[in-house]
Each structure stands twice: as C-alpha cells, then as structure tokens.
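Peer 1: Each chain is listed here by its residues.
There are 2 protein chains.
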Amino acid sequence: MNQGNNPTLAEVGEQAAINVIIAHAPSSRNGDDAAVLDHGAPNSRTVVTTDMLVENRHFRLDWSTPAEIGRKAITQNFADVEAMGARPVAALLALSLPKTTRLEFVSELARGIAQRVGDYNAELVGGDITEGDSIVLSVTAVGRLGGSIPALTLDAARVGQDVVASGVIGESAAGLALLQYYGRKKVPIEFQPLVAAHCAAAVPPGRGFVARSAGVTAMTDNSDGLIHDLKLMANRSSVSINLHKEAIAPSALMHKAAQAIGADPWEWVLRGGEDHTLIGTTCLDAPSGFRRIGTVTKTKTIAVSVDKQAPQFENGWQSF
Amino acid sequence: MNQGNNPTLAEVGEQAAINVIIAHAPSSRNGDDAAVLDHGAPNSRTVVTTDMLVENRHFRLDWSTPAEIGRKAITQNFADVEAMGARPVAALLALSLPKTTRLEFVSELARGIAQRVGDYNAELVGGDITEGDSIVLSVTAVGRLGGSIPALTLDAARVGQDVVASGVIGESAAGLALLQYYGRKKVPIEFQPLVAAHCAAAVPPGRGFVARSAGVTAMTDNSDGLIHDLKLMANRSSVSINLHKEAIAPSALMHKAAQAIGADPWEWVLRGGEDHTLIGTTCLDAPSGFRRIGTVTKTKTIAVSVDKQAPQFENGWQSF
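So the protein lines, in turn, are chains A and B. Position 168 of the first sequence, counting from 1, maps to 163 under the numbering used here, and the rest follow consecutively. Position 145 of the second sequence, counting from 1, maps to 140 under the numbering used here, and the rest follow consecutively.
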C-alpha cells in the first residue's frame, strides 16, 4: 500500500512522524521527558492555556489544508495568551491520528504550526503522538507576563471605559458559511479572503502585549462569538457593554457574500467566533492597532447591547 | 432518555460539564482566556510536558474507573515533570467526549484528577472541553525547576555513575496482562495490587526534586518500557548501562501471577512501561527513596545490558 513518498504512519511508525514534526519545528528543548523553558525576566509570570481541535467538529479535511489546520491550532491558543496581555513563548502539541494517516499530512501540519509559531518568535517545545480513531490536535500555549501590571482578566472592565478591538469581526463565520454553501473549491474567487479568515486567521502577533502596556485593563478574544464572549466579560465585571453598530458593521465584501448565499451578515458579526480578534476595555486612547467599538456602562437588563438595543443575534458556539 | 441524576452531556450541555470539573478541582486561576501562574522563585524555570490518553488505546472503561483514568492522566504527566528534577505545580485538561457521555463520568474523572493533583499540592488551572467521537484526554503538566543546578536530562549520564530507581518495575505490565487474561472483575483478589499498579500507579510525589537536590544528573521514568527508556538515555549520553539482575527481579507476587496466566514476568520488567518509576544516575549515594539497580559504563555493543548480557526482552511501547 506504500504510495512511494507518501507512506502511512502504520508503515513508517511513530519516530518518523516525530521526525517530520521536528524537521519543521526544531527546538533544543525537545526530546526529553519534559521541556525546560528559559528563565523568565525577573518578576515575570507564566501563562498557560489549552484548546483541542477535533476533525469534522473544528476542521474538515475537504475545507482546510493540513498546514491551515496547524496554523489555526496555534493562532487560537496564542490568542488566548495574548488576551491576558502576555507574550506567547512556547507551544506543546498532542496529536491523535489514525494509522492510515499519510506522513505528508503530519509534515504539512507541522509546517503550518512552525510558520505560525515562528510569527510569534515562539517555539514548539514538545508533544505527544498517539494512534486514535480520529484526528485530534490538542495544543497548549505557554506565555510570559512581564512586570507587575495585572493580567488582562475578564473581571477588570470598568464603567466609563471605551471598548476597543484589533482585527476583523465576523469574517471567519462568513468564510465558514461560504464553505458550507459552496465547498472549498467552488467558493467564488472574490470571497477567498473570507475563506482565508476562517481557515487560517492571520491575527498580527504582539497586540496583547501592546494593549497591556497601553492601559487596557480587561481583554478577551472573540473565539466563541462576539456577543457571547463580551457577555462573559460584562457579567464577570458586573457592568454592561454597549457596542456602536457602525463600528462593528459587516464589510462590503461580507454584505456581498451574504447576498450571494442568502445569509444575514449581522449573524456572522454577532454570533460568529474564531476571528480571534482582541477586544479590550480602556480609559485611555485605543492602543496602536486597536479601534473604538463601544463603551462600558453601568449594569443594565441587557448585558451587551448594540446601539442600546438588544442584539439581533447572540448565542455563540457551544460544545454540546 | 434522562436517567434521573445521571444525564448525558447532550442533555446538560458544556457548562454543566465544566461546572462538575471545577467543583472537584477549583482554582482561582481558572475561567479566563488563559491561566496566570504565581511568580516562580527567583531564578526558577518553567517545565512543560503533555501526554494524550485515547479510549481503548491507553485505557478501557471496563478495566478502569473514571477516577482511575483521571489519576493516571495526572500521574504520567507529572512523572515527566519530576523526571526533569522539577516540581509539578499545575495541570491543564483538554477533553473530547461523545455527547452520550454521562455527566457522572466527567465528575468522577475530575475527582480522580483533583485527588492526584492534590497529592502534589498542584492545581488544575484550566482546560477545554469539546464533543468528539471518542474519549480523548490531553493533559499538560507545568512544573518549576528552582535554582541553578541543571535539569535532569537524558544526556547527562556519566561513566562510573550508579543507576538508581524509585518505585516498582513491571507491576503495571503485570496488571495489564492480568486484565487481558481475566477481565477486571475476575482477577483473583491476591493479584489486585498489580491491577492497581496498572490502573492507578501511586508513585510518591516529590522524588524528582529530591533526586536533583541529592546529586542525580540524568533521569527518566519507565513510561514506555525499562530497556526502551534506558536505551534512549544511554544513546543520548553516549554511554552504556548495565542493570543488576537481582535488583530488578520480579517480585514473588509477579512470579505467582505470571505462573497463573502462563506469562514470563521478566517480559513485564524489561518491556513493561507505565510504572512511572524514576530512574536516575548519580556519583553519590542513592537519594532517599531510591535504590541502586545498575551502573553506567563506557559504550559497549549492547546499550543496555542485564548482568552484562543482552536483555531477554527489549522493545517497548510504540504508538504505530
């Protein structure tokens, strides 16, 4: 069954799979029982988070390339580190794969991971690989939070602050809807940027650190849905949040895509997640790369409103 | 389909599953985008490792209770942190579960995790939960390595050192063989300690830290097989290792169990993994809790020998 240069894991074994990963993402910390990270700067803290991606639940092989899946796994984990105001420095990858998986899949996945980890000057420092019935990636991200300013927690939004955001809102959901409607290969070329936003969101590294330095106090990323995630912040902080409709309005391209497939682009904006756009609150000017999208108010009946009205859509991603 | 107090995840949803985990393993670090750990001691480094457990590959629900699975997941990850000479301080849990999974399973799993994390004075600081076709646990362990002594890496064994070990060798493999032969419920009561060694190895916390303080230079745990894991150390350190047969000989109970099911107990000792027994090398006396089981020699044809002979069994666990 050996397909020349594209053998299965059953044919080449575990070590070959580990070797192609290390070839793309080498690290001197790798290969022992555990990885020892460098000393942090004095007074710095360690930040950790984990997210699991399951085939056909978080990604589909007919919609995403293996490299895109690898990039996405790193992006969403590093976004959670950035959402605390920290710098991602390392990632761990635990991987379950059917034994019929091609070695090339592992290699391409690792290439995507290495690309994205490299964008952040971070390293893939270790992992685990095992046989399983389906493809499951579990990435852990490790970050450093320097100095004594508090982390950007969900409970630190204060009445009177501005709500600021860095990144697109709703484009990932638009891309997903286009994939569901057309399949990857038939999405019209003009909508490709939306598909790219879904399959491999390219949030710029370092904005979490910038936000914390520039006086943001609370921050999250819209991973499960804009309203869903901001509700969590509003509830934890005992405040309400009012978003400015114009500031979060769908782009012209999103409107066009929505029209083409008969969807409402506001659903993408309000319920869509996975843009991994950072959303914070601050009393000061919007940090570099951020724009103002709303204000923090006293608690009202509606935890998160849009132009003071209840949002048209609000439920986000639920695992069950 | 609701079974009274034992609903499925499809019935109660993601938040209920998270709630029962947090009820067993509460942490103030939990519930934000990422967990911020305490400042380490000055000059301390962070150590990270991850291991994935897949249903029917690493555990079976008819052989292990959910609490045992939880304990095992922590034990094997924390053993890797200890094998560097570090102290485990935190764990993250990523969990994929079919939607028909009972909430009680999640609760019991969390109870086992909380127990074991508590043994180490560590905390479960975060995680992720998602729907998937099979049960997959991915645990990440975070540890602290204090001071300036090097970590206990695989490449630091030196000719003339003693090989020292803390814990049983081969009992987990004996337990697995008994489960395969009898099934959990029919294993004779006298062999239960061996089954317990497999389903919930109870390695005492803190020995990695003790070993590093007491002059051990290289260390690993026998997770994939005694000879397999020591070969890795011997190769990385460019040395050979000779084990003393008497010091690693199967116990009387292992002999009896082997006789009962027609097995060779030496295969359990030499090929068996998952005891998570720490094995180190040192020029000094064996640290508290460790015993001498061999010596480090110049490179010979046989990387790891037993009484200077090639071992009777040697291949260990392979994922593919």
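Hint data in this document are derived by calculation from the structure and do not stem from the laboratory. You may find that some hints are simply not true.
No copy labels: a pair is met if it fits in one copy or bridges any two.
[Stated by the list, open to error] Dumping the calculated SDA-like pairs for lysine to any residue here, alpha-carbon to alpha-carbon at most 20 Å: (1) K240 to D150; (2) K94 to E50; (3) K303 to G142; (4) K295 to A151.
Peer 1: Determine for every hint whether it applies to the structure shown.
Peer 2: Results for each hint:
no.: 1; hint: K240 to D150; in the structure: neither (24 Å within a copy, 60 Å between copies)
no.: 2; hint: K94 to E50; in the structure: both (15 Å within a copy, 15 Å between copies)
no.: 3; hint: K303 to G142; in the structure: neither (38 Å within a copy, 55 Å between copies)
no.: 4; hint: K295 to A151; in the structure: within (17 Å within a copy, 62 Å between copies)
The earlier numbered hints that this structure contradicts are 1, 3.
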